[in-house]
Structure formats: C-alpha cells, structure tokens
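If you want the building blocks of each chain, they are given just below.
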Amino acid sequence: DAGVIQSPRHEVTEMGQEVTLRCKPISGHNSLFWYRQTMMRGLELLIYFNNNVPIDDSGMPEDRFSAKMPNASFSTLKIQPSEPRDSAVYFCASSLAERGETQYFGPGTRLLVL
Amino acid sequence: GDSVTQMEGPVTLSEEAFLTINCTYTATGYPSLFWYVQYPGEGLQLLLKATKADDKGSNKGFEATYRKETTSFHLEKGSVQVSDSAVYFCALSVPSGGYNKLIFGAGTRLAVHP
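Line by line, the protein sequences are chains D and L. First residue of the first sequence? That's 1 in the working numbering, and the numbers climb one at a time after it. First residue of the second sequence? That's 1001 in the working numbering, and the numbers climb one at a time after it.
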C-alpha cells in the first residue's frame, strides 16, 4: 500500500513568494494533520481535518498560512507571502479517527525561504 | 496542560550496547502512548504503542511499558545496531475538541557507532 504522499520533497523560494505544499493521505483514512518541524520548536500541529472539514486550526501561525482539503484524497497547505522564518520541514499525516489510532506520516517537504 | 518530557540527547552508544531513553508525561485521564522514530531525511514512523496501563509495546527489539504510577514510558533495547541511529520521539494521544491529538516530546537523537 502507498503511504502518505507529499510533494514537493524540497522547495526553495524567495521571501514574498507563494508556496503550496501538497498531500495525499492513505486511502480510507478520514483524518489528516499538517505539522511543522523546526530545531527550535520541534513538531507543531498546524491544522487537523476530519472527513475533509477543518476541526482545529489553532496551530496555524498567522493569516499567511491556509489549508484546504477539497476531497478525501488531497490536501494543500499554502503560505502567502512566505518569509524566511517559515523555513522548516512540513509533514502531513493521516489516520482513522479512533481513540489511540496511529498517525502515519509522509516523508515531509523541506522548505527554505531565502 | 498535557505534555511529554524526554531525556535530552544526543545519546551515543557502541554497537550491541543497552539502550534506555527516558520519557515521562503529564496528562489528565488515560492517554495512549507512542514511540515514533525518524530516520535521516524521512518522516516519522510508529515504532510501538501502548493504550492502557501496564501494557508493553514492542517492535524490532525495542520495548516500552506504560507505567501509570510513575507516568513513564521509557524506551529500551537490549542490543543496539548502527542502523538504529535516528531520532526517537515519545508522544501521547489525548482527546481534544472531539479528536485525538498527538503531543510529542522534543525528540532524542541516538547515534550508534561500530
């Protein structure tokens, strides 16, 4: 079975540009999570979707960040405009929404904003 | 609030040495507990989990026991290999606004040398 798929794997952009990260969750999973990983702050949950609906976006840093899930097999995380402090590894994870159910992580997108 | 505390790394061991990575948690209720592993350049993978007190999770020679009385979930392996070099994350799953939120520790880097 294919795991969580993320694209691109690496992204280098200049400050002020729009960045779009993409995620395809595992088929049949109804929960999707976006995380950000940095050395300083570790792993941070940005947003959680259940059945394509955003349930908890309290971790989204500011209005420059937005996330969508138009269907069960696709989600995007957009940063507009990007800033150097957004440089991080962004992970998407999916799971079945049951108590204690495992989250399966994608390989991540390494973003560098110059 | 709910939190996870891991021993700081890096942990450096010789091949075949015994490994312990300490993890303690603070949570209301009865969380599920997890160890995830992150190999260089990859996403997080579930290593093992335990869903109730006194459960022992095990996988690939690693094991951890859910100790409610000490609020701990220490990771152990009797004989580490070079291929175990990675970052290990302890995490707990707690109900939050209708879903199960994963709260991660800061991660412990393990380096095993021949």
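Since the hints were derived computationally from the structure, they do not count as laboratory data. All figures in this text were calculated on a predicted structure; none of them were measured in a lab. Hints should not be assumed to be uniformly reliable.
[Stated by the list, open to error] With a straight-line cut-off of 30 Å between C-alpha atoms, the simulated DSBU-like cross-links for lysine-lysine are:
1. D:Lys24 with L:Lys1060
2. L:Lys1101 with D:Lys68
3. L:Lys1068 with D:Lys24
4. L:Lys1068 with L:Lys1052
5. L:Lys1052 with L:Lys1101
6. D:Lys78 with L:Lys1068
[Said to hold, decoys possible] Here are the simulated distance ranges between beta carbons:
7. L:Gln1081 with D:Asp63: 26 to 32 Å
8. D:Pro70 with L:Gln1081: 40 to 46 Å
9. D:Ala2 with L:Ser1058: 39 to 45 Å
C-beta atoms are modelled at their ideal positions from N, C-alpha and C, and glycine is treated no differently.
Problem - Contradicted hints - numbers only - result: 3, 6, 7, 9
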